[in-house]
Structures are given as structure tokens and as C-alpha cells.
Amino acid sequence: MKGQYEIGYVLNPESTEEDVKKVADSILGIIKKAKGEIENVDEWGRRPLAYRIQNHNEGVFTFIKTDFDGSVVANIERRLRLSEKVMRFLVLRLDDKLKKANKLTKKWQKIDKNAKKTKTFPQKEKKDEEELKIKNEVKDE
Amino acid sequence: MSNTQTNHRSQKKYYFSRKKYCFFCKERIKLIDYKDVKILENFILDTGKIQPARVSGTCSYHQKQLTKAIKRARHMGLLKFVEPRRG
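Protein chains in written order, with numbering that gives the first Met the number 0: chain A, 0 to 140; chain B, 0 to 86.
Any given hint could be a false lead.
From the structure, some residues in chain A lie toward chain B, with a derived Cβ separation under 8 angstroms [as the list claims (entries may be wrong)]:
#1 A49
#2 F62
#3 W107
Under 7 angstroms between C-beta atoms, here's a sample of chain A residues computed to sit facing chain B [as the list claims (entries may be wrong)]:
#4 V9
#5 L48
#6 Y50
#7 I52
#8 G58
#9 R87
#10 A100
#11 L103
Derived coverage of chain B by chain A (criterion: at least 3 residues anywhere in the stretch with Cβ under 8 angstroms from a Cβ of chain A; other residues may be distant) [unchecked claim]:
#12 18-32
#13 72-81
Please keep in mind that the hints were generated in silico from the structure rather than gathered at the bench.
Given the structure is predicted, the values throughout are model-derived calculations rather than measurements.
Just so it is clear, CB atoms sit at the ideal spot from N, CA and C, and this is done for glycine as well.
Make the full structure from the sequences, and use the hints.
And the structure:
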């Protein structure tokens, strides 16, 4: 059973760039062995934490989006748990919720169709969009 | 006296007539991601508590996702937990 997964983990702020690469490579290696596909690797870098974790105020964030076999998840979680530099981690499955979410698009399409039939709604939406645009412009400045 | 009473009524009606709408339905967001902290911060009170749906106006479908997303973000150290009251 292939599925879309997202792996996120927070590293110790004392870890160097080599350590970050090591952890990432070890996980990517497991995925490649299981013939999974890597969609993208999102590296946020150093970021302040909302609260203290293990007496640290900062963390190094990385998020990996992948398509792979679900049986490997336990392997990856074990690897993350055992590595000392990793403070927190989260592995999520994404695709099973997309089916439910796709029902919403039908709802929204209906709303859009009804809005087109009645002339009053689109005008209101346009006004809102214009207001938002003006607000965004002000923020950008 | 009669005038004052009518004034009170009109004020009350004015307060509760503000229209609420679901932010995520309006922006057409299907799944709420725990990573976009900028959006999640808007649905958290100063104490760190999750804002109730009756205050923010989010629909039940998105409120359920919101609570999960906020709790995940807390676990990862992106959002704060509920702070105890001082004194």
C-alpha cells in the first residue's frame, strides 16, 4: 500500500550542518531502499521555539514530503527516536484525508454556481477582494 | 423612559448583527496544515487556548481540523501551550 507521507523533525540547535545532512540522508536512504519517491525536502533552518524543549530556545526544522510504502514508517520512527540530535518528530499520512476534503470542492462548486445565477453575490465578493487587495498593498508598503 | 428602553434594544441588535463566516471556507482551504503558523496564530487566544468556533465562526469540519493542527504544532514547538494564570 503506497501512500503520501510527511515527515517533520526538530534538531538540536547545537547540531552543525553536517549533523543535519546526516539525519536527512539516513531517512532519505531508508525511503530510497523501499523504492519510494521524494517529492520535496523543505528546510526551514534555525527557528525560535514557542517554549523550551530540553533547555533549548531554538531548533532546526526540516520537513520531507514523500510517496512510499507504509510498512517503512515504523523503521523511520525508530531511527528518529534513537538519534540523539532529534528533539521532536512527527510522521503524518496525507492522502487518506484528501478523499474527504474533495467532497468540499463539490460543495464549493455548487456555491459558486448559485452565486453566478444571482447577481448580488459576485458583486459583494468583488468588493471584498478589492478591500483585501488594498489592505495587502498597505501591508506590503 | 420609553426612549431609553428602545435605545438599549437597538444597541443590542447592533452588536449581534455582525456577520460571521468560516475563514477556511472563504479562502477555499481543503486541509489545514500544522506548518503554516501564521494562520493558526489567529485562532489562538493570548493565554494559548484554542478559540471556540462560536467566537471565530469556523464551520465544524474545519474546527475539527484546526484543533488537531494546533495540537500538532504545539508538539513540534511551533505554538505555545496554555499558560497558567499568574497570581
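Inset, instruction - Against the earlier hints, flag every one the structure doesn't satisfy and list their numbers going up. - result: none
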